[in-house]
Amino acid sequence: MNNMNWLPVYPEILLLIMACVVALVDLFVKDERRTPTYWLTQVSLAAVAALHLSYFNRGETMYGVQGMVVTDPLGHLLGFFAAIAMIITLVYARPYVQSRDMLKGELFSLSLFTLLGISVMVSANNMLVIYLGLELMSLSLYALVALRRDHAVSTEAAMKYFVLGALASGFLLYGMSMMYGATGSLSIPKIFEVISSGQPNKAVLVFGVVFIVSGLAFKLGVVPFHMWVPDVYQGAPTAVTLLLGGAPKLAAFAITLRLLVDGMMGLAVDWQQMLLVLSVMSMLVGNLAAIAQTNLKRMLAYSTIAQMGFMLLGLASGVVNGTTLSAANAYSSSMFYVVTYVLTTLGTFGMIMILSRQGHEAENISDLAGLARRSPWLAGVMTIFMFSLAGVPPTAGFYAKLSVLQALVTTGSSFYIGIAVLAVVLSLIGAFYYLRIVKVMFFEEATDLAPLKPAGDVRAVMALNGAAVLGFGLLPGGLMALCAEAIVKALAT
Amino acid sequence: MGLLSLAIWLPIASGLLLLALGRDDQAKAVRWVALIAALASFLVTLPLITGFDNATAAMQFSEKLAWIARFNVHYHLGVDGISLWFVPLTAFITIIVVIAAWEVITERVNQYMGAFLILSGLMVGVFSALDGLLFYVFFEATLIPMYIIIGVWGGPNRVYAAFKFFLYTLAGSLLMLIALIYLYFQSGGSFEILDWHKLPLPMPAQTLLFFAFFAAFAVKVPMWPVHTWLPDAHVEAPTGGSVVLAAIMLKLGAYGFLRFSMPIAPDASREHAWFIIAISLIAVVYIGLVALVQKDMKKLVAYSSIAHMGFVTLGFFIFNELGVSGGLVQMISHGFVSGAMFLSIGVLYDRVHSREIAAYGGVVNTMPKFAAFAMLFTMANCGLPATGGFVGEWMVILGSVQFNFWIGAVAATALIFGAAYSLWMYKRVFFGAIGNDHVRELQDLNAREFLMMAVLAVAVIWMGIYPKPFTDVMHTSVDALLKHVAVSKLN
Numbered sequence: 001m002n003n004m005n006w007l008p009v010y011p012e013i014l015l016l017i018m019a020c021v022v023a024l025v026d027l028f029v030k031d032e033r034r035t036p037t038y039w040l041t042q043v044s045l046a047a048v049a050a051l052h053l054s055y056f057n058r059g060e061t062m063y064g065v066q067g068m069v070v071t072d073p074l075g076h077l078l079g080f081f082a083a084i085a086m087i088i089t090l091v092y093a094r095p096y097v098q099s100r101d102m103l104k105g106e107l108f109s110l111s112l113f114t115l116l117g118i119s120v121m122v123s124a125n126n127m128l129v130i131y132l133g134l135e136l137m138s139l140s141l142y143a144l145v146a147l148r149r150d151h152a153v154s155t156e157a158a159m160k161y162f163v164l165g166a167l168a169s170g171f172l173l174y175g176m177s178m179m180y181g182a183t184g185s186l187s188i189p190k191i192f193e194v195i196s197s198g199q200p201n202k203a204v205l206v207f208g209v210v211f212i213v214s215g216l217a218f219k220l221g222v223v224p225f226h227m228w229v230p231d232v233y234q235g236a237p238t239a240v241t242l243l244l245g246g247a248p249k250l251a252a253f254a255i256t257l258r259l260l261v262d263g264m265m266g267l268a269v270d271w272q273q274m275l276l277v278l279s280v281m282s283m284l285v286g287n288l289a290a291i292a293q294t295n296l297k298r299m300l301a302y303s304t305i306a307q308m309g310f311m312l313l314g315l316a317s318g319v320v321n322g323t324t325l326s327a328a329n330a331y332s333s334s335m336f337y338v339v340t341y342v343l344t345t346l347g348t349f350g351m352i353m354i355l356s357r358q359g360h361e362a363e364n365i366s367d368l369a370g371l372a373r374r375s376p377w378l379a380g381v382m383t384i385f386m387f388s389l390a391g392v393p394p395t396a397g398f399y400a401k402l403s404v405l406q407a408l409v410t411t412g413s414s415f416y417i418g419i420a421v422l423a424v425v426l427s428l429i430g431a432f433y434y435l436r437i438v439k440v441m442f443f444e445e446a447t448d449l450a451p452l453k454p455a456g457d458v459r460a461v462m463a464l465n466g467a468a469v470l471g472f473g474l475l476p477g478g479l480m481a482l483c484a485e486a487i488v489k490a491l492a493t
Numbered sequence: 001m002g003l004l005s006l007a008i009w010l011p012i013a014s015g016l017l018l019l020a021l022g023r024d025d026q027a028k029a030v031r032w033v034a035l036i037a038a039l040a041s042f043l044v045t046l047p048l049i050t051g052f053d054n055a056t057a058a059m060q061f062s063e064k065l066a067w068i069a070r071f072n073v074h075y076h077l078g079v080d081g082i083s084l085w086f087v088p089l090t091a092f093i094t095i096i097v098v099i100a101a102w103e104v105i106t107e108r109v110n111q112y113m114g115a116f117l118i119l120s121g122l123m124v125g126v127f128s129a130l131d132g133l134l135f136y137v138f139f140e141a142t143l144i145p146m147y148i149i150i151g152v153w154g155g156p157n158r159v160y161a162a163f164k165f166f167l168y169t170l171a172g173s174l175l176m177l178i179a180l181i182y183l184y185f186q187s188g189g190s191f192e193i194l195d196w197h198k199l200p201l202p203m204p205a206q207t208l209l210f211f212a213f214f215a216a217f218a219v220k221v222p223m224w225p226v227h228t229w230l231p232d233a234h235v236e237a238p239t240g241g242s243v244v245l246a247a248i249m250l251k252l253g254a255y256g257f258l259r260f261s262m263p264i265a266p267d268a269s270r271e272h273a274w275f276i277i278a279i280s281l282i283a284v285v286y287i288g289l290v291a292l293v294q295k296d297m298k299k300l301v302a303y304s305s306i307a308h309m310g311f312v313t314l315g316f317f318i319f320n321e322l323g324v325s326g327g328l329v330q331m332i333s334h335g336f337v338s339g340a341m342f343l344s345i346g347v348l349y350d351r352v353h354s355r356e357i358a359a360y361g362g363v364v365n366t367m368p369k370f371a372a373f374a375m376l377f378t379m380a381n382c383g384l385p386a387t388g389g390f391v392g393e394w395m396v397i398l399g400s401v402q403f404n405f406w407i408g409a410v411a412a413t414a415l416i417f418g419a420a421y422s423l424w425m426y427k428r429v430f431f432g433a434i435g436n437d438h439v440r441e442l443q444d445l446n447a448r449e450f451l452m453m454a455v456l457a458v459a460v461i462w463m464g465i466y467p468k469p470f471t472d473v474m475h476t477s478v479d480a481l482l483k484h485v486a487v488s489k490l491n
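Protein chains in written order, with this note's numbering: chain A, 1 to 493; chain B, 1 to 491.
In short, the hints are calculated from the structure, not lab data. Just so you know, even glycine gets a beta-carbon here, dropped at the ideal spot from N, CA and C. Each hint can be trusted.
Here are the in silico distance ranges between beta carbons for each label pair: (1) A:Ser366 x B:Lys468: 57 to 63 Å; (2) B:Leu46 x A:Thr294: 48 to 54 Å; (3) B:Ala58 x A:Gly456: 50 to 56 Å; (4) A:Phe415 x B:Ala29: 56 to 62 Å; (5) A:Ala446 x B:Leu21: 19 to 25 Å; (6) A:Leu474 x B:Leu46: 26 to 32 Å; (7) B:Tyr466 x A:Ala460: 55 to 61 Å; (8) B:Ala58 x A:Glu193: 53 to 59 Å; (9) B:Leu46 x A:Ala450: 46 to 52 Å; (10) A:Thr294 x B:Ile36: 41 to 47 Å.
Use the sequences and the hints to build the structure in full.
So, in structure tokens, the structure goes:
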């Protein structure tokens with residue numbers, strides 16, 4: 001465990017090199033459309049994805065860089081999905097940013113740095129590494145949100161995101177220092193051992209857990225640490241909203257799992273309670289507030305809050321009555337949830353970008369009016385996304401909700417079954433605003449009659465995206481098995 | 001591919017094809033493709049009837065494939081005497097819907113036809129699913145096409161109706177989802193409905209399961225007091241939507257009682273039977289009275305559907321063979337009769353664009369052929385002997401008299417209310433002097449309308465005179481079900 005062993009971090013090294021190469025190459029690109037930069041970025045992302053996948057297929061757990069990083073199937077699977085999410089994001093984003101004069105080299109190198117941060121986070125084995133990855137990702141995202149410099153709303157969003165994000169990082173760091181104080185180590189497996197031994201001062205540990213959970217809650221955007229989410233989602237250019245609403249959710253899930261489960265399983269009783277409260281409040285606030293929104297991006301932001309709350313339910317139901325028998329089941333249901341959620345989110349924001357055009361942001365729900373007539377095909381795909389978010393079969397979102405509910409019910413505790421019923425009632429409220437989008441698209445007459453002609457690659461990726469959400473709804477078994485395998489292997493070590 | 005799979009996926013695949021390729025400038029081709037697909041989907045269900053073995057209560061035409069390995073979910077299909085007839089009925093009604101929309105729907109024809117074909121396949125899936133999760137997926141998925149059908153082609157208040165329809169049904173079925181997961185957990189990781197039938201369960205669990213299933217199925221049936229979505233949905237839906245809603249979708253709920261509530265929670269079902277019987281009788285009597293005062297024809301037939309479905313649930317929960325078989329026969333005949341009633345209203349609506357009873361009067365003078373058909377269907381709706389409506393109601397009344405004379409007596413009043421609201425509506429619409437110029441200019445049925453009316457008329461009379469093919473199929477399965485329900489799962 002203590003040798004350097006660079007092998008596990010090849011994807012990260014590749015990303016780092018390519019991020020720098022892209023930044024340099026872009027200096028020499030004269031082309032307004034940044035074609036070489038774009039393709040170089042996409043090829044690098046594809047290479048990183050392929051690398052992650054090949055590591056995942058090897059299925060081993062390795063430690064690298066003196067035990068600072070762990071490379072297990074969980075990390076590589078999430079890294080793979082994050083790279084794919086980034087590829088899709090950039091495909092959707094290119095025409096959008098181009099028509100808004102934001103197609104600069106920075107976009108691409110910052111995207112790569114964001115993914116580097118995510119990659120580091122998903123395979124971190126040390127609290128400091130988690131923090132480094134988190135900051136790398138967050139700083140890149142702060143800059144990306146402010147990409148539209150001359151736009152007051154964007155700048156405000158960036159400021160808000162930065163201040164609150166820095167505060168959250170501070171929380172997390174403070175919690176980590178508490179843990180270090182109590183256990184004498186920053187290494188996650190070591191912390192796990194020390195906590196299991198029962199020696200450290202419980203008060204300090206719980207204090208640390210509170211701060212760590214708060215920091216994570218900020219990053220996941222769950223109530224009551226959700227204030228930044230609607231403003232940033234709405235204020236950021238849609239391409240960037242997609243960037244920060246997609247892949248980073250996978251990273252936030254990963255560090256939650258690494259910190260709480262891998263490191264502090266011994267304190268599960270404490271943090272599960274916190275997660276349950278966060279989760280129920282998020283579903284309540286997210287679903288109710290989303291109903292009142294007229295801005296599509298803001299509505300989706302509140303929907304994200306509610307969805308993340310639902311996802312947390314899985315994480316909060318791993319340890320029941322002191323046994324961890326159902327842990328793998330519970331955590332893999334959350335992982336499946338977050339993966340399908342990201343897949344759906346990519347599609348919804350991608351759709352907003354398709355509907356937007358030069359000088360017009362299709363941000364309001366009313367901009368979708370009559371989409372079924374303007375483009376039955378796009379309306380159909382968007383309908384799949386909406387029903388998936390609402391959790392109606394046969395879409396991927398249904399199985400996500402099913403697996404989390406299943407994790408709650410199979411605990412066998414009537415308390416958790418009660419929570420499951422509550423979650424179901426709250427997601428019924430949620431169904432209302434997703435249905436409203438379908439209503440606007442199908443039942444209302446179009447107000448905006450500009451022809452919709454998305455570029456060929458955007459159209460193809462959108463079709464694949466829709467097919468994936470529907471496909472994982474018809475045959476979810478494969479993805480579920482992958483998530484379960486990754487979680488089981490991560491828990492085994 | 002098995003027959004049942006074919007009956008499910010053939011309409012769905014052709015519906016998707018129409019959605020993907022159809023355009024409004026090829027409306028004619030779209031209609032023909034839809035008709036051929038609907039006919040083909042119906043034809044593949046016929047071997048189910050001819051090849052069905054009446055002597056066994058076991059599931060027939062079974063197909064079982066692994067589906068979601070992680071949750072041990074199977075793509076498991078099969079029909080028994082309880083579900084068999086609903087498969088061809090669904091496919092049959094879809095043909096009628098396609099024909100009924102022929103000249104009426106002129107916009108987004110491919111989407112309309114596609115939605116109905118997909119809906120048809122999904123409903124067949126509900127009736128033939130033997131895996132709990134598969135059932136749920138089909139059950140829920142039917143909401144999507146129906147939501148779009150009501151919302152796009154419906155009347156002025158369609159958005160409200162579509163939302164109400166969707167959210168009411170979703171609310172009920174989400175509780176059922178928890179129940180299904182709970183059963184999965186209790187049975188040690190199985191989603192097989194037939195395994196759940198054998199699963200011993202303590203009384204508190206049975207009670208909760210019973211009410212969770214009740215939430216889903218009562219909304220779908222719909223039973224009083226959760227019926228309020230139905231009149232709205234019916235009034236606003238286009239004719240085809242109303243037909244499918246009344247003829248098939250309501251049956252999904254009633255079928256659920258037989259497939260889930262009763263065999264899975266038999267003790268709770270017997271314990272709470274009084275409750276179901278009570279609200280069924282309220283539906284029969286109170287909703288019958290409500291129907292009497294309606295001014296809108298569609299609303300009247302919608303309320304009459306609720307009252308008729310009250311008969312069905314009443315028959316199920318008196319736990320004797322006459323009652324359960326009678327309920328099933330009533331479900332099938334109501335499928336034909338209510339479908340025919342909504343089509344008749346559709347015929348008038350297409351011409352006059354009003355559903356108000358007061359907007360008509362003396363239609364018999366201008367549309368004699370139509371009036372004759374409508375007379376038959378109205379009579380069937382009030383349960384006249386020798387029509388389909390009679391057999392089921394008669395069996396249920398006999399069954400309830402066996403169970404308890406007073407319940408039978410109250411149930412029998414339905415025949416009086418049924419006759420009152422049906423015949424009174426008929427009188428006001430068809431008889432008397434010609435009400436206004438619209439009625440004076442009415443054209444009688446064209447060949448297309450005549451065809452679909454005639455087909456339904458044959459079905460209604462056939463069910464009234466010779467119901468034996470229906471009851472023979474059900475007999476063994478209903479018997480087995482009742483024997484199963486009689487044995488306690490406690491201990």
